[in-house]
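There are 2 protein chains.
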Amino acid sequence: MNINKEMLLRPLTKYFLNFQSRNISGKAIVFSNYGNPSEVLQLHNYNIETNPLKPILVKFLASPINPSDINQIEGVYPEKPSFTKDLGTDFPCSVAGNEGVVEIIENMDKKSEFKPGKRAIMKNPGFGTWRTHAIADPNDLLFLDIDDVTAIQAATLSVNPCTAYCLLKNFYKLKPGDYFIQNGANSHVGQAAIQFGRIWGLNSINIIRNRSNIDKLKSFLYDLGATHVITDIELANKEFMEELVKKCCGESGIPLGLNCVGGKSILDLARYIKPNGHIVTYGAMSRQPLLMSSGILIFKNVHLHGFWITKYNRTYPEKRLKILNNILTYIKNKSFKDLLCDKVYLDKSLQDLIYMKTFKNALENKERKQVLVFN
Amino acid sequence: MNINKEMLLRPLTKYFLNFQSRNISGKAIVFSNYGNPSEVLQLHNYNIETNPLKPILVKFLASPINPSDINQIEGVYPEKPSFTKDLGTDFPCSVAGNEGVVEIIENMDKKSEFKPGKRAIMKNPGFGTWRTHAIADPNDLLFLDIDDVTAIQAATLSVNPCTAYCLLKNFYKLKPGDYFIQNGANSHVGQAAIQFGRIWGLNSINIIRNRSNIDKLKSFLYDLGATHVITDIELANKEFMEELVKKCCGESGIPLGLNCVGGKSILDLARYIKPNGHIVTYGAMSRQPLLMSSGILIFKNVHLHGFWITKYNRTYPEKRLKILNNILTYIKNKSFKDLLCDKVYLDKSLQDLIYMKTFKNALENKERKQVLVFN
Chain A
1 MNINKEMLLR PLTKYFLNFQ SRNISGKAIV FSNYGNPSEV LQLHNYNIET NPLKPILVKF
61 LASPINPSDI NQIEGVYPEK PSFTKDLGTD FPCSVAGNEG VVEIIENMDK KSEFKPGKRA
121 IMKNPGFGTW RTHAIADPND LLFLDIDDVT AIQAATLSVN PCTAYCLLKN FYKLKPGDYF
181 IQNGANSHVG QAAIQFGRIW GLNSINIIRN RSNIDKLKSF LYDLGATHVI TDIELANKEF
241 MEELVKKCCG ESGIPLGLNC VGGKSILDLA RYIKPNGHIV TYGAMSRQPL LMSSGILIFK
301 NVHLHGFWIT KYNRTYPEKR LKILNNILTY IKNKSFKDLL CDKVYLDKSL QDLIYMKTFK
361 NALENKERKQ VLVFN
Chain B
1 MNINKEMLLR PLTKYFLNFQ SRNISGKAIV FSNYGNPSEV LQLHNYNIET NPLKPILVKF
61 LASPINPSDI NQIEGVYPEK PSFTKDLGTD FPCSVAGNEG VVEIIENMDK KSEFKPGKRA
121 IMKNPGFGTW RTHAIADPND LLFLDIDDVT AIQAATLSVN PCTAYCLLKN FYKLKPGDYF
181 IQNGANSHVG QAAIQFGRIW GLNSINIIRN RSNIDKLKSF LYDLGATHVI TDIELANKEF
241 MEELVKKCCG ESGIPLGLNC VGGKSILDLA RYIKPNGHIV TYGAMSRQPL LMSSGILIFK
301 NVHLHGFWIT KYNRTYPEKR LKILNNILTY IKNKSFKDLL CDKVYLDKSL QDLIYMKTFK
361 NALENKERKQ VLVFN
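Going down the list, the sequences are from chains A and B. Just so we're aligned: 32 in my numbering is position 32 of the first sequence, and the numbers increase by one with no gaps anywhere. Just so we're aligned: 280 in my numbering is position 280 of the second sequence, and the numbers increase by one with no gaps anywhere.
Think of the hints as simulated: they come from the structure by calculation, not from any bench. Where is the CB? At the ideal position from N, CA and C, for every residue including glycine. Don't take every hint at face value.
Label-pair ranges, simulated between beta-carbon atoms [unchecked claim]: (1) B/K173 x A/E79: 25 to 35 angstroms; (2) A/K169 x B/G117: 51 to 61 angstroms; (3) B/K173 x A/T150: 41 to 51 angstroms.
To spell it out: a stretch of chain A is covered by chain B in this simulated footprint if at least three of its residues, at any positions, have a beta carbon under 8 angstroms from a beta carbon of chain B; those stretches are [said to hold, decoys possible]: (4) 280 to 294; (5) 298 to 306.
Modelling step: build the complete structure from the supplied sequences, incorporating the hints.
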């Protein structure tokens, strides 16, 4: 429902006679200053009710903790959230989190097609998804056919799988049988890229950090469809890599590299990119500047790019929708398997201290993706 | 003149009855092993005479010392020279140097259009240009209309000015009034880019290392057509740079950056590239790997490329020829001014020790481009 100026000049009640509002209590993870998330994030209890401008009351089902959420709280992310007292905080606050899935509890606009029970994901980042309840405008929400997928699948659909999809499609025209190489292959983007690779007939060389129990992770990635899974130590071993890449790609090398680590990892990976090939950076997990050899750029004519899903979605909303629907099809026909994650149950009935402790444990878990489940 | 198999099967004299050959003594700077140029380069005296396969006797007029020549001697350049005993050395040797201008002394093929007195530059790298005399096939040489330009202009035409030309033309469609930013702006590529900028109506922000007597160099670059000349220290000063770039380009930033330094310099430069802009690397004077911010790639969608004139020339020989002729036109109509260099006179009558000392002084001079002048 759009509110135009003329409407606002008249008593709103005239237009919303058939609306009913419900006051509801919720919990949100908020911050009022940028900083270390473990320090600046706080639990806030609030009551909200719908209003004509935000007529939809939603409850969050699940919201992941993505690296960009952390960067945003630290203040080093270009998307700055708005700080308001809308939730009745003493200081202007922002609700953390950008991705998630909601279910409509109530819609003041009874004529709307978006009825209670319907699910949606966030149309844009910056909504604040680490909370139990919110009021929303229809334009805040993206309604997809997600009734047949799990809340976790829906909650983790729009950032990482879409990024992986674009990384493989937008920078180099890979043909079936072609290889790509990626570091941070156990990230959600990495897991999704492996799967799109399998679905589209592509081969992948996947780099993960060496660790104890590595066989379990390798086995998981092979099950997703990885062609090769190697460690960062193997990546730095030229003899090992030259043999592997030669076996996979002959003398030429790999046409596409995906980097979410940075530092020396992208340089190690770049050595095996073929002449005129491309490397796309979409993350910086090592928090180190990229290292790159001038010679690889000059003599091999390798190109370096970056990819940011937020910018892509804003620029190409229709393409985004098509990608989301394609991925949903893959999920529904079981060709796209669940991404590895821990479900973090934030039960509303938990005492505040325990609620926050549960959340903070998730925040500090760097082993695998943490998805907050609100119930 | 092309020699085909049939010709080689018959007595060559039949085809070359009108040929005469002259034995000539020359001096060459050679190396038999890769390594530090000061250590591995040696002076070699030799006699050569033309033969039906290499019927053209040329004398070198001038040859520059380019960074890529040094890299080649060090063994870190992808173009590997051939090591032969052709010049009568005890060990297989290669003559150093890749760029230069020659004058034809004699052509065994009297029917050829390439007569004594005609000048040419090298068609390809790897010929070995740091020497007084050589025998050549017509295909070794590129005949341009260079009679009206100086030997220095012709000798330094094909590597650096052509690189600058391509850097400004091939990566971003700069419109008159647009800015580009470059480090190593006092390099020959830098000086040429400044001038093409002036000729084509482009503005340039030029970064040079801080030094004593910097005003003289700044003044020289302004005379070439630089819009701004700043030091690496000013580049690292965010406040200074933000003000300058805002004044030049408004809020958006600079669309194109040229990098021949690497290390931190490209990162400092990258901060002022506008969203969707490009940075092209064509050198690595700092001998440090490039440092790059993931955020600049991801959030600003800046693209990094490399450029290698050798590859370009091989791929687009006709475009190369057009570029060379365009630059020659600029030189002849005085819009392209002489590049800063030291002429290093290697007089054939010099004693070997003094000859080599003169050469090595040039080799170690990092202040400005050194051009060997043979007489």
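Going through the hints against the structure:
no. : hint                                : in the structure
1   : B/K173 x A/E79: 25 to 35 angstroms  : holds (30 angstroms)
2   : A/K169 x B/G117: 51 to 61 angstroms : holds (60 angstroms)
3   : B/K173 x A/T150: 41 to 51 angstroms : holds (48 angstroms)
4   : 280 to 294                          : holds (count 10)
5   : 298 to 306                          : holds (count 9)
No hint from the list above goes unmet by this structure.
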